[in-house]
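Undergrad: Residues per chain, in single letters:
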Amino acid sequence: MSPLSKRQWRFFLAVAARVAPPCERLDPAGQARFNAIVGKALAARPRSLQRQFRLFLTLLRWGPALRFGASFDRLEPVRQDAVLRWLLDAPILKLRSGFWGVRALAFMGLYGQPEVWPALRYAPSFNGNRFLHD
Amino acid sequence: MIERSYDVVIVGSGAGGGTVAQALAPACREGLRVAVLEWGPKLREDEYTGREAEMAERLYFDSGGVLTRDGTMTLAFGRAYGGSTVVYTGTSLPLPAEVLGRWGVSGLAHDDLLARSKKYMTENNVHLLEGDRINDNNRLFARACRRLGYRVEQFPINVKGCKGSGLCNLGCPNAAKQGTNRVQLPAAEASGVEVITNCKVERIGSRECVATVANPPWGEPSRSEPGEYLVRARAIVVAAGAVNSPALLLRSRLPANLPALGRYVTTHPALILVGEHDRPISNFHGHPKSYYCDHFVASGRFLLETCMYFPFTTAKNLIGFGPEHAELMSRLDRMQMILVLAIDPALPDNRVTVSPTGEPVVNYRFTDGVLDALVESQRAAARIFFAAGCRRVHAPAGLSFFIGAEDVGRLDERITREAFKLGKVSISSAHLMGGCRMGADAGTSVTDAWGQVHGFPWLFVADGSLFPACAEINPYVTIMALADRVAERVRARLPELPR
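The listed protein sequences correspond, in order, to chains A and B.
Oh and the first sequence: position 10 is 9 in numbering that gives the first Met the number 0, straight run, nothing missing.
Oh and the second sequence: position 363 is 362 in numbering that gives the first Met the number 0, straight run, nothing missing.
Be aware that one or more of the hints could be misleading.
[Stated by the list, open to error] Heads up, simulated DSS-like pairs for lysine-lysine below, C-alpha to C-alpha not over 30 Å straight-line:
| no. | chain 1 | residue 1 | chain 2 | residue 2 |
| --- | --- | --- | --- | --- |
| 1 | A | K39 | B | K117 |
| 2 | B | K117 | B | K159 |
| 3 | B | K118 | B | K159 |
| 4 | A | K93 | B | K420 |
| 5 | A | K93 | A | K5 |
| 6 | A | K39 | A | K93 |
[Said to hold, decoys possible] Residues of chain B placed beyond 12 Å of chain A at every Cβ, according to the derived structure:
| no. | residue |
| --- | --- |
| 7 | G30 |
| 8 | G218 |
| 9 | D406 |
No lab work stands behind these hints: they were computed from the structure.
Just so it is clear, CB atoms sit at the ideal spot from N, CA and C, and this is done for glycine as well.
From just these sequences and the hints, can you work out the full model?
TA: Next up, the structure:
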């Protein structure tokens with residue numbers, strides 16, 4: 000069973016696109032790989048951590064309604080970024096840690112794909128010494 | 000439940016367990032029965048793919064991201080035939096005499112530890128990498144340190160036929176790194192030691208342990224059939240690492256008062272810093288860790304090392320998000336990286352406990368001194384980056400995403416303690432120490448100076464959990480030297496232990 004409902008997935012993907020903009024440019028295969036990496040990582044975590052993650056997503060979605068009168072996914076991108084910047088430096092450790100977890104999963108889903116490495120100019124080789132001091 | 004019986008059972012096959020196995024192995028030819036029970040798998044050579052997410056899942060607990068209880072630090076430790084020696088960079092330094100002096104363990108002399116360290120450094124082919132095998136990322140660090148007047152040294156490393164894949168932390172795909180998986184364990188097996196992989200020890204009883212064998216979808220199948228086992232032994236050596244050794248002993252509920260069990264954990268907490276050059280440099284090709292700077296160990300309580308990590312690990316360690324984060328990530332070939340490690344004090348409340356289901360929980364609180372050291376280390380690293388020619392630097396405690404070269408004279412203002420917030424910054428640890436610390440007093444230690452658990456003549460510990468305080472350097476040679484002592488004591492003690 001997926002640790003996130005379909006609605007939670009859609010919301011997480013929307014947040015991931017703000018966190019790691021190249022996520023928006025993933026083709027369907029890349030999107031599927033993203034989902035597989037994140038889904039597997041989440042599923043491997045303790046249930047308590049999965050619960051905390053779902054709770055944080057709910058907070059991230061509805062928390063902005065108190066300040067902006069609309070849920071996160073209905074905000075303009077610039078306001079979404081403002082919310083995320085606030086969370087990054089939030090005065091409460093649990094909020095900062097929660098956002099750290101969202102960031103980490105988004106980056107894992109994207110940069111954990113070897114297919115994106117060329118765009119990073121990352122080209123490891125088992126025989127890396129051959130490429131030294133070119 | 001399947002029953003087995005041995006003379007000695009070793010739990011774990013890393014720097015500690017692998018060393019004990021090899022040291023006891025000659026006695027197998029005279030009939031001694033020794034088994035190593037390793038939780039992780041033995042990967043096939045073609046399974047070392049260098050792909051970050053895949054290898055992290057295969058070789059680390061929680062893919063290298065075990066969280067401390069409050070979520071402020073991730074812990075990376077290996078789970079494999081060879082333990083964490085499969086996933087370290089092979090840096091090999093003996094424990095400095097002054098650190099051993101600070102440890103203050105009666106009966107543990109520096110001459111003895113150094114002699115044993117040197118034995119394993121020779122056995123595992125520790126040497127300095129040839130100059131033409133050192134990449135720009137490392138060269139630039141050393142040159143900049145010298146320019147700034149900072150003491151810098153080359154790391155001795157334990158490789159044989161290194162091809163510079165740069166993938167050490169994901170398991171060497173060329174079998175070049177001489178961890179216990181390449182040296183001690185094969186030698187032990189050749190002499191008759193049984194290494195049972197994919198075998199998790201659930202708990203220890205009186206001269207027995209309960210274990211479960213279950214094969215993951217990768218690696219060679221365990222030599223033992225899947226199932227539950229009751230394994231009896233005259234002596235048991237716990238070498239499951241600084242998290243799992245204390246956790247195993249705690250959930251075993253040993254009939255003894257060991258108030259220090261699980262306590263005094265130190266982690267050498269680390270940050271990854273990035274500088275950006277205006278041109279590509281060689282960084283992900285070649286061995287990733289050739290130099291360290293211990294200039295600030297006494298004055299600032301931190302150590303600087305070269306490093307080069309993989310895309311996800313790098314992305315996670317940069318602060319922030321969005322376009323500027325993505326822009327920096329898109330130029331990985333221009334990145335210079337430095338790992339800073341704070342030397343943390345051994346405190347009783349920094350401890351491993353177990354959850355109601357028996358899982359390890361690491362409770363760790365950062366002291367003000369450690370946080371100060373982590374901030375100051377970022378300023379030192381930034382000076383090194385700029386002296387190396389970087390055009391801008393990304394520091395986790397920076398007031399902005401980038402600090403430009405024009406700010407080199409104002410680093411105290413640009414990198415501040417106020418900007419350094421736990422939970423925001425990715426702090427990680429791969430040097431886990433303590434939890435079963437050595438000492439003479441059963442009130443403040445778990446084992447004696449030879450790794451024997453106080454009050455249990457048949458139970459020993461042989462891994463980084465023995466360290467009474469931070470090693471202040473990369474710890475694995477010291478773990479091997481201590482494990483060699485433990486093996487010596489086990490051999491001496493065996494005739495007294497009932498069959």
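Undergrad: Each hint needs a verdict: does it hold in this structure or not?
TA: Here is how each hint holds up against the structure:
1. A:K39 with B:K117: violated (43 Å)
2. B:K117 with B:K159: Holds, at roughly 17 Å.
3. B:K118 with B:K159: holds (17 Å)
4. A:K93 with B:K420: holds (12 Å)
5. A:K93 with A:K5: holds (25 Å)
6. A:K39 with A:K93: holds (24 Å)
7. G30: Per Cβ check, G30 (chain B) is outside 12 Å of chain A; nearest 43 Å; holds.
8. G218: holds (17 Å)
9. D406: Check passes; 21 Å lies beyond 12 Å.
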